[in-house]
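Engineer: As a plain string of letters, each chain reads:
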Amino acid sequence: MQTVFHLIADESAQRATALTIAQNLTEDDSVDVDDIAIVAQADGIEPLTAGGDGSEMVESLLESGVAVKACGNTLDLKDLAESDLVEGVETVPSGGGELTRLQNEGYAYIRP
Amino acid sequence: MQTVFHLIADESAQRATALTIAQNLTEDDSVDVDDIAIVAQADGIEPLTAGGDGSEMVESLLESGVAVKACGNTLDLKDLAESDLVEGVETVPSGGGELTRLQNEGYAYIRP
Amino acid sequence: MQTVFHLIADESAQRATALTIAQNLTEDDSVDVDDIAIVAQADGIEPLTAGGDGSEMVESLLESGVAVKACGNTLDLKDLAESDLVEGVETVPSGGGELTRLQNEGYAYIRP
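Residue numbers (my numbering), protein chains in the order written: chain A, 3 to 114; chain B, 3 to 114; chain C, 3 to 114.
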């Protein structure tokens, strides 16, 4: 099974909850999940920025093998470059496009 | 591919973000999306009302070929008639039923 | 068709809206839904606790045949025991795992 988390909350606490739920899924042995991805957009991009609020959790998730993807439209809007992101974060053209593509491939969708 | 956006946020800025993400998807050439729908319920109904906050974005999405659907239960609860809605908006019996039906047809689900 | 609702909102009004949308789905004859589940985690657990804010709605949903599931990680974090929950609520190892499993079985996902 595969799961994508949609990270878009504008509050720090809500984003931390979202990242914790992703982390918990990597540790739940009762379910056989092969791939976990996070697609971040709008204010959800914050923890993907180097040194940003929550970025240590993103680094830890990347180390656990979670794929972390930043919405390119959001980067443009917030005037961020790929070099502003935590190392290992990928960029995708649009968050909505990537979420569609992954669900089409069979990923479950969770929006904490 | 097909995508349905769930519009339910109670804050104006969050609803504007949701509609922008839908608009961005219509413009993302990297993903082959045939149909985009928006199902609005609870406070998410506001931009679907004629002259309501965000209604110009809904008009623009309708022009782009996006299907926009209002939850009938919400209309009852808010004492709104179909004639209060932006022209071109459809009404469905329940938002939950429509979101279930569309996902069952293969639509990806995004809740900004 | 089958539908799972993700109950995670931190505000009482938002949780009540989520539970109302689930209730409305049990009453929408225009869509053939066989199974409805609710997976609650983080602050969404509140209405699942005995005597908690919104617990009468959860009791009513259980009576309507809706399956209500509490995230075990959330119970640990909030120092809650299964005996603190409304009778009939099940516990699952993780909310993320259960939401993945149900979508993998074909459940539509709705996050009010």
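Keep in mind that the hints are not guaranteed to be accurate.
Copies of the same chain look alike in the list, so a pair counts if it fits in one copy or across any two.
In silico EDC-like pairs for lysine to aspartate or glutamate, Cα to Cα no more than 20 angstroms straight-line [stated by the list, open to error]: (1) Lys80 with Glu107; (2) Lys80 with Asp55; (3) Lys80 with Asp30; (4) Lys80 with Glu29; (5) Lys80 with Asp36; (6) Lys80 with Asp34; (7) Lys80 with Glu48; (8) Lys80 with Asp12; (9) Lys80 with Asp37; (10) Lys80 with Glu92; (11) Lys80 with Glu65; (12) Lys80 with Asp45.
I should point out that these hints are in silico values taken from the structure, not numbers from a laboratory.
Engineer: Let me make sure I understand: some of the numbered hints might not hold for this structure. Which ones are they, in numerical order?
Structural biologist: Those not satisfied are hints 1, 5, 6, 9, 11.
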